[in-house]
Structure formats: C-alpha cells, structure tokens
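*Asks:* One-letter residues, chain by chain:
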Amino acid sequence: MLSREFKTLLVREIQESLRNKWLIIYAVIYAVLGLSLSYYSVLGLSYLGLKAFGRVSAALVNLTLYMVPLMSLSLAGLSLVTEREKNTLEMLLAQPVSKTEVAVSRYLGITLSIFLSTLLGYGLAAWYLWLVLSSGDIVVFLQLMLISLLAASTLSAVGLLISILSRTRFEALATVLLTWLTLVVIYDLLVMGVTLIADLKVADILNLLILNPVESARILMVQALDPSLLLLGPTGLYITRTLGSLITLAFTTSMLAWTAACLAAAIVLFNRQDL
Amino acid sequence: MEAVKARNLTKEFNGFLALDRLNFDIPEGSFTFLLGPNGAGKTTFLRCLLGLLKFEGELKVYGLDVKREGKSVRKLIGYVPQSINLYNDLTLTQLLDFFSDLRNVSITLDELEKFGLREKAEVRVGELSGGMRQKLCLLLALVGNPPILAMDEPFSNLDARGRLELVNILKTLKQQRKTILLSTHTLSGVLTMADDIVVLNRGKLVRAMKSYELSSTMSLTYKIHLRAGKESLEAAGLKAEDSSPGWLTLKSEDLYTTLTTLVRQNVNIQGAVIEEPSVDELVMRLTEDAV
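Residue numbers (our numbering), protein chains in the order written: chain A, -10 to 264; chain B, 15 to 305.
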C-alpha cells in the first residue's frame, strides 16, 4: 500500500512537472506538429490517391522517435540534479520520506506528465484523423500511442539515472543530449558501420537493435503499421521469421528491462549517495 | 533518556575526516549548543543525524538507529538548515500544506499568525525576505511538533531584531522542554540559555559538558567597551586601554567581579558594550585544557 508521504510527493511532482515550461513547450510543439503532419499528409495523399494512414503514421512515428526521447530524457535528467543544485533537496530529504520514495515519485510524476502531453499531441491528431480514418486505422493509431507512452516511461528511467549520476545541471544536460543523440541517431549509424566493417550477420543486427530502447520502439511502431516488417528490409524479414508472433513480447520486454534496470540502478545509487 | 546518542561517529569525505570517532549524548529536553569554529564538523554532524549523509559508527535518536530507521528518525526531528532554500514557486500556504502532509498532520493558518507571517499566506516563498524565510523555515521545522529541533547556524543571517525574535521563540520552546540542538560558530549572546555544550574542532570532540561547568571551570576573556574617564577607572583599580575614539576597553576574565567593581566604585559610565569571548578562544582554551 502506498504511504501518505509517497502520495504527497507524487501529487507535488505531477503539479511541478505540469508547471514545467519545457513540458508545456514540448506539449505545444507536439500538438502543433502532430496536427500539421496529419493534416498535410492526408491532404497530400488524398491528392495522390494513395492510402492515407501509412504516410500519416510514418510522420507520427518519426515525430515520436525524436520528441519523446528528448522530452523524457531532459525532464527526468534535470529533475533531481536541479533540486540538489538549488539546495531544496536538503530540506526535502530532512522530512520523514525515504530516498526511494523521492526517486520513484519523481519518476512517476514526470512519466505521468509526459503521458499527458503525449496524449494531448496524439489526441489532437486523433481528433482530426477520426474524421478521415477507418476504425481499423484508429486501432493502429492507438497502438502507436501506447508504444510512445512505453518509450516515454523507459527513457524517463534513463533520464532519472542520469540526474542521479550528474553533479551539476550542466553535466546532466550534456549527458542527456549525448544520450539522446546516441540512441536516436548515432546508434543507427554505428550499427550500419559495424555491419559493414565486421560483416555482421542479420542475427547480430537483431541483437544490436533489441539493445536500444528507441530502436525497440521503432520496430514495435513499424510492426503496428506493417506486421510483416517489410519496411525494414531484409532485417525486418529476418525479425519476422525468427521471432514470429513473439516480436511484440521481445521488444516490449527489452524496453521494460531497460526501465527496470535504470530505475533500480537510480534507486540504489541515490540511496548510497550523500544528500 | 538520551535524545541523541553518538558512538564512534565518523564521516570521511574523500580521505578528509570531517567527523572523527565522536562519542557523546544529548539528554532529552536539553538545550544543547554545538560549538566550534568553521569547518569543525557541526553541519556534517546535523546532516548525519538526519540521515542525509552516510557515516561510520552508531547514531541513535530516541533509541532509533539513524542508518536503519532514517524515516522514523526524521519524524522526530525538525530541521532548520544554514542555507535556507525552499520551493520559491509555492505560496506559504501551499508550502505549509505540503510539509504538513509529509508529516501527516493538518495545520491551520493560525500557525502563520504566531510567526507574524499571516498576511504573507498567499505570497510566493521566493518573494520573502531572508528573515521571513528563516521564520518560515522554523515554522516548517515545528510542523507536527517533533520532539527535537535541530538548527544549523540560525543566527548567522539575522539582523539584531531577527536575533531577538529568534531568542524569544527559543526561550518558549525551551520552556516546553523540547530538545533543541543548535550549532553556531559564535557565542551569539545566548550561551546562557544552553543546558549542555558540545565543542567540536576539526571533526573531533573537544569537550561535551554542562553549561555551568564551562562557567565554573573556565574563565574566558570578556571585553567591556566603556565611555568613561580613564582616571576614574584607574582609581577603581581597573586597567583600561584606549580603543576607538572616546571609548576605553577593559579585559576581564571575571565579568561579575569587574561589573561589581565598576558599580561599587561609582565610575561614571556614559555608555557600555560587553563583547563575549569568541568560540575560537573557547575552543583554544578547552583544547589546551585537554592537553
């Protein structure tokens, strides 16, 4: 059962996160981009006479895979280190609360706030798309939304760990940006480079992809759009043949494992730290 | 019963011994001064007491182990840190609600009234003056009426009026038999309020004693600054030195006797300021005494 102190901390974290100017900026950008992309994709595709949702979804997938990691990593990554630097953490930890309660409430507060902003972004797009899409497409759209929420919870855990390991806000921000760049851009390039140099087999590429939570989210999203994963080329075909119906389970497990590992490491390290 | 019990309490920061095998008790209901110059380990001790820092050795609060039962220990302690940083974006009411919820108590705005903060109830914390923040922090430390109040250098950022207000609040709390632990690097003119004194220097315990032991076993040098005629002082057998223009300074290790002499000899005094001995002198004398 949740303690009263934990509930108090959680409510405070959610209130504070919702007041965070960065979250508000992200939510607005998300909503505007989501709505615009949906509008222009549908507009362009109906003009060309192609299936509308595929392109709309591709645009949303790309938006999600850039925005959600950046939002989650930066909000969680700057959370505790900012309190430490402002010295408000001393007064908070002098109260009858445990460090575990502080860390977990911080994580949940940020994750729930990101959920709200993601729902707002997707929600506006969904409201528009509801008018033009079939019910089957709406199910796929909801799947995409759930996967982006899963990505937000995973990357918030990574961000919290960064916040606990960083000594200053500047260090945390630099680490957040480097981590984001690595997971979203550099990792792909590295996998391609290593594949060319080391002549990796498809099985190795699959293993490398499953190690990156952003790649896992990408594959899950592509699978929601196209269960055969043809969009991913030979690697996609190999994943379908090897994992079959276990694709969702495998990549979801990878993301959940990242979440659990980072959250556990964050709690352990925070408890071992002074202040 | 001991409110606080420290045994072999040791804290090291990257090879630097901030606390070195401290052993002392703080009795329940006592007003204890934690004295020592800057860097003596006073803040480190208070942070260890709250479980904010990891440490070696044993530290118990009302029999509860700080290492294993930190959350329960913190329920028993109200804390006023040296540098007061609160959530500036919250109003006083919101902040009070947050802290009272954390301590599972409900609190009314009357509490703000007691500290002269009632009219600031809806003002954001960031807009308060330093003295008001100090009062607010003391109010927050007393939420839930914890049996122990720990204050780190509470006089350092206060003006004369603020110090007087704080002294009055502390006197009331002392009458209520609250265990008060106050760290300071100045004697602050309130040493007479103390029941117990713990003197630290460079992380080591110099002495833990009753306050009357200090006055009965050790004479410290007081400086009495006077506006008076030098001749009349010499006639009274007191040797004064010129200090600032118009002022003479008497050094005395027995304040009572010196003041009595001044009165009995009818020395014409137009102004007087008494300067208490410094903590540095106290620590030096106690250290010499220990050697």
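Since the hints were derived computationally from the structure, they do not count as laboratory data.
Since this is a predicted model, take the numbers as computed values, not measurements.
Think of the CB as a built atom: it goes at the ideal place given N, C-alpha and C, for glycine as much as any other residue.
Some hints could be false.
What the hints assert, rightly or not - Mimicking DMTMM-like on lysine to aspartate or glutamate, the simulated pairs with C-alpha atoms at most 20 Å apart in a straight line are: (1) Lys81(B) / Glu16(B); (2) Lys(-4)(A) / Asp115(B); (3) Lys(-4)(A) / Asp111(B); (4) Lys188(B) / Glu42(B); (5) Lys75(A) / Glu5(A); (6) Lys81(B) / Asp177(A); (7) Lys89(B) / Glu72(B); (8) Lys10(A) / Asp103(B); (9) Lys237(B) / Asp268(B); (10) Lys85(B) / Asp263(A); (11) Lys237(B) / Glu290(B); (12) Lys74(B) / Glu136(B); (13) Lys190(A) / Asp177(A); (14) Lys85(B) / Asp103(B); (15) Lys185(B) / Asp173(B); (16) Lys74(B) / Asp263(A); (17) Lys218(B) / Asp294(B); (18) Lys237(B) / Asp256(B); (19) Lys75(A) / Asp103(B); (20) Lys128(B) / Asp103(B); (21) Lys75(A) / Glu141(B); (22) Lys68(B) / Asp215(A).
Claimed, not checked - Which stretches of chain B does chain A cover? Using the computed rule of at least three CB atoms under 8 Å from a CB of chain A, they are: (23) 134 to 142; (24) 175 to 189.
*Asks:* The structure should be examined with respect to each hint, and the outcome stated for every one.
*Replies:* Going down the list of hints, with the structure as the test:
no. : hint                   : verdict
1   : Lys81(B) / Glu16(B)    : holds (18 Å)
2   : Lys(-4)(A) / Asp115(B) : holds (9 Å)
3   : Lys(-4)(A) / Asp111(B) : holds (13 Å)
4   : Lys188(B) / Glu42(B)   : holds (11 Å)
5   : Lys75(A) / Glu5(A)     : holds (15 Å)
6   : Lys81(B) / Asp177(A)   : violated (46 Å)
7   : Lys89(B) / Glu72(B)    : holds (19 Å)
8   : Lys10(A) / Asp103(B)   : holds (13 Å)
9   : Lys237(B) / Asp268(B)  : holds (11 Å)
10  : Lys85(B) / Asp263(A)   : holds (15 Å)
11  : Lys237(B) / Glu290(B)  : holds (7 Å)
12  : Lys74(B) / Glu136(B)   : violated (39 Å)
13  : Lys190(A) / Asp177(A)  : holds (16 Å)
14  : Lys85(B) / Asp103(B)   : violated (26 Å)
15  : Lys185(B) / Asp173(B)  : holds (18 Å)
16  : Lys74(B) / Asp263(A)   : holds (18 Å)
17  : Lys218(B) / Asp294(B)  : holds (15 Å)
18  : Lys237(B) / Asp256(B)  : holds (12 Å)
19  : Lys75(A) / Asp103(B)   : holds (13 Å)
20  : Lys128(B) / Asp103(B)  : violated (23 Å)
21  : Lys75(A) / Glu141(B)   : holds (16 Å)
22  : Lys68(B) / Asp215(A)   : violated (53 Å)
23  : 134 to 142             : violated (count 0)
24  : 175 to 189             : violated (count 0)
Hints 6, 12, 14, 20, 22, 23, 24, counting from the list given before, are not met by this structure.
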